[in-house]
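Number of protein chains: 2
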Amino acid sequence: MRIERLKNELREREADGYLVTNVNNVYYFTGFMDISAATLNLIIPQNGGAVLLTQPLSYKAAVEKAANCAVKEVPFGEKMVDRLIWEVRSLGLKHLEFDSIPIAIFLKLVEGLGEVKFKPNQDLIWDLRRVKSNEEIEFLRKASELADIGVEAGIEAVKPGVREYEIAAEAEYAMRVHGSEGVAFETIVASGPRSAHPHGVCSRRVVHEGDFIIVDLGAIYSGYRSDLTRTVVVGRPSKRQSQIVNLVLEAQREALQRIRAGLKAKEADSVARDVLASGGYDKYFLHGLGHGVGLDIHEPPTLSSGSDDVLEEGNVVTVEPGIYIDGFGGVRIEDTVLVHKYGVERLTHASYYL
Amino acid sequence: MRIERLKNELREREADGYLVTNVNNVYYFTGFMDISAATLNLIIPQNGGAVLLTQPLSYKAAVEKAANCAVKEVPFGEKMVDRLIWEVRSLGLKHLEFDSIPIAIFLKLVEGLGEVKFKPNQDLIWDLRRVKSNEEIEFLRKASELADIGVEAGIEAVKPGVREYEIAAEAEYAMRVHGSEGVAFETIVASGPRSAHPHGVCSRRVVHEGDFIIVDLGAIYSGYRSDLTRTVVVGRPSKRQSQIVNLVLEAQREALQRIRAGLKAKEADSVARDVLASGGYDKYFLHGLGHGVGLDIHEPPTLSSGSDDVLEEGNVVTVEPGIYIDGFGGVRIEDTVLVHKYGVERLTHASYYL
Chain U
0 MRIERLKNEL
10 REREADGYLV
20 TNVNNVYYFT
30 GFMDISAATL
40 NLIIPQNGGA
50 VLLTQPLSYK
60 AAVEKAANCA
70 VKEVPFGEKM
80 VDRLIWEVRS
90 LGLKHLEFDS
100 IPIAIFLKLV
110 EGLGEVKFKP
120 NQDLIWDLRR
130 VKSNEEIEFL
140 RKASELADIG
150 VEAGIEAVKP
160 GVREYEIAAE
170 AEYAMRVHGS
180 EGVAFETIVA
190 SGPRSAHPHG
200 VCSRRVVHEG
210 DFIIVDLGAI
220 YSGYRSDLTR
230 TVVVGRPSKR
240 QSQIVNLVLE
250 AQREALQRIR
260 AGLKAKEADS
270 VARDVLASGG
280 YDKYFLHGLG
290 HGVGLDIHEP
300 PTLSSGSDDV
310 LEEGNVVTVE
320 PGIYIDGFGG
330 VRIEDTVLVH
340 KYGVERLTHA
350 SYYL
Chain Y
0 MRIERLKNEL
10 REREADGYLV
20 TNVNNVYYFT
30 GFMDISAATL
40 NLIIPQNGGA
50 VLLTQPLSYK
60 AAVEKAANCA
70 VKEVPFGEKM
80 VDRLIWEVRS
90 LGLKHLEFDS
100 IPIAIFLKLV
110 EGLGEVKFKP
120 NQDLIWDLRR
130 VKSNEEIEFL
140 RKASELADIG
150 VEAGIEAVKP
160 GVREYEIAAE
170 AEYAMRVHGS
180 EGVAFETIVA
190 SGPRSAHPHG
200 VCSRRVVHEG
210 DFIIVDLGAI
220 YSGYRSDLTR
230 TVVVGRPSKR
240 QSQIVNLVLE
250 AQREALQRIR
260 AGLKAKEADS
270 VARDVLASGG
280 YDKYFLHGLG
290 HGVGLDIHEP
300 PTLSSGSDDV
310 LEEGNVVTVE
320 PGIYIDGFGG
330 VRIEDTVLVH
340 KYGVERLTHA
350 SYYL
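If you're matching them up, the sequences are chains U and Y in order.
Just so you know, numbering that gives the first Met the number 0 puts 45 at position 46 of the first sequence, and the rest follows in order with no gaps.
Just so you know, numbering that gives the first Met the number 0 puts 70 at position 71 of the second sequence, and the rest follows in order with no gaps.
Pulled out of the complex, with its shape left as it was, chain U reads as follows (with noise of 0.2 angstroms):
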């Protein structure tokens, strides 16, 4: 069980608790998911049971959906902050770790807690979720097979004289048709010069013949997310369009023939590198191979010349090499991948179009 199992990690440690305060991470634990926006507080003694504080408007779905703990309601007129200092105070925990609090109350809990050590340790529980059962896998191949559904939906909306923000919005209108619970995160569609940036996001642009379209989007589902990214080109592409796609569909190729258990992170990435450098382009990949992906969209294991990381059986990772030439445009290529023993199995599939 989760809640075991990071308990196991404290014990090895001098911590005597964990506070988890993050909605995604409260879900991991406690299958319990809240508004994005809501104030939560499950407090994990190493010794006992765990507690989960919750406001009014959260009270009844938590004890409804929420396992592995006791749920308390904090009623209105009480603060949340104080009501924490007590639980901690009653269960005599003494050095606690956590993974996110806004600092104005981390400073009142110091303040009232002047006994007990506290240590942010969010790596704890990125650690726990990076490698995913075979429920969560599930969840992402789900999540993976909407993202293909939007991609293949926006793909098909691309021509001329459309805008971008149209193909987003067919896109994501066929990924909430078909029961995503929303973006995993802000859709990209980046045409023409604007596809040369990696963070394009979307604009009012007007598509137009020669353009190079990035589309760059995930679905949820129970909670997990996908990330997918196929380039268009409108119309005929040019014969350095071709030049530039096929590189990066061979960089992508080649990582994922190399990707598997055991693999340092850092040569996933130097792989799709390497490939880009033997056209000339690697100075035009400007982000990371990858990363690791699940109840968000950036988790580790991180694929990035600078990561330790070494990849495991059940990381669910991108794989997205991409070329940024300022002026010209841009081309990136990502699927979401299982990581297996002896290699990677796709969640997505969507055609490649070029």
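One should not assume that every hint holds.
Since the list gives no way to pick out one identical chain from another, each pair is judged satisfied if it fits inside one copy or across any two copies.
[As the list claims (entries may be wrong)] Computed list of lysine-lysine pairs in PhoX-like fashion (alpha-carbon distance at most 20 angstroms, straight line):
| # | residue 1 | residue 2 |
| --- | --- | --- |
| 1 | K116 | K158 |
| 2 | K340 | K265 |
| 3 | K118 | K6 |
| 4 | K282 | K265 |
| 5 | K6 | K59 |
| 6 | K263 | K64 |
| 7 | K158 | K340 |
| 8 | K265 | K118 |
| 9 | K107 | K6 |
| 10 | K107 | K118 |
| 11 | K59 | K93 |
Derived by calculation from the structure, the hints in this document are not laboratory data.
Add chain Y to chain U, keeping to what the hints say.
Coordinates of chain Y only, in the frame set by chain U:
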């Protein structure tokens, strides 16, 4: 100018500088909107020009868009926090206030800058943002028009047999295709017994004849958000349903008639609460009457019984009374309005349907 107003505030305090990290706040001061996951540091010294530190992927867009500051790129391989420490030291700042920083970064700053006092003071910027400029009001007006379009499309899709998320799909598509930059928050479509939970979001539940359906959504335009709720009954409302809907409508109407600059926010809340009490339903009104809305979906001022806020000309707030009866269902009616000297102006105009 907004940065000058911030500096004036700093001048009246001990602080000699302010660190802005929230992307919406950076946009407020510079006009540059980065993706929400970006790491940005805008340092505003009380004396001297502001400096914006960006990651490489944000740099070009920041140079193009960010006004009122010098933009500096923190290259790959260099840690943002190290550069931030260097900049704060080279500017000679001794007492820095800030909006929000992850605690792990905060602890590194404190460690690296032992001589500097740090103080969280998000309220300083919240207060600057309370009164909207004419330009901000225009953006809020557009965002509100998009919400009208969304709620109308969503309610158009209501019929027995449809699923909640399908209603959300139609509403979100209509907003997006008309130019919304995304959803202002997770769309709520709460039907039947689920309508009794104010934080309903969307489920896969199938809508039935006789259900209450709460549709609560918002759009984004130029970064500014809107917030709008309508409740409908599928088919013919029962007598009790009509009674509850009329009471909520009356509570909203009374509050809208009373709200004007100078009114205490808690009085606005009590006007609505008193109307609900007249029908014996005040105990089912589980939240405050409303909240400010702007770049964030929840901002000051807060319209609730515990609020110390006084309404000002140029505030944009929601007015959203509701009744939530466990096992029976719920009703909420909400509009986004602009506070004027002698009353309010509606920014949302969707029909009431009932």
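How the hints compare with the structure:
no.	hint	in the structure
1	K116 / K158	neither (59 angstroms within a copy, 56 angstroms between copies)
2	K340 / K265	within (18 angstroms within a copy, 61 angstroms between copies)
3	K118 / K6	within (16 angstroms within a copy, 34 angstroms between copies)
4	K282 / K265	within (17 angstroms within a copy, 58 angstroms between copies)
5	K6 / K59	neither (27 angstroms within a copy, 45 angstroms between copies)
6	K263 / K64	neither (38 angstroms within a copy, 38 angstroms between copies)
7	K158 / K340	neither (42 angstroms within a copy, 49 angstroms between copies)
8	K265 / K118	neither (29 angstroms within a copy, 38 angstroms between copies)
9	K107 / K6	neither (26 angstroms within a copy, 27 angstroms between copies)
10	K107 / K118	both (14 angstroms within a copy, 13 angstroms between copies)
11	K59 / K93	neither (31 angstroms within a copy, 47 angstroms between copies)
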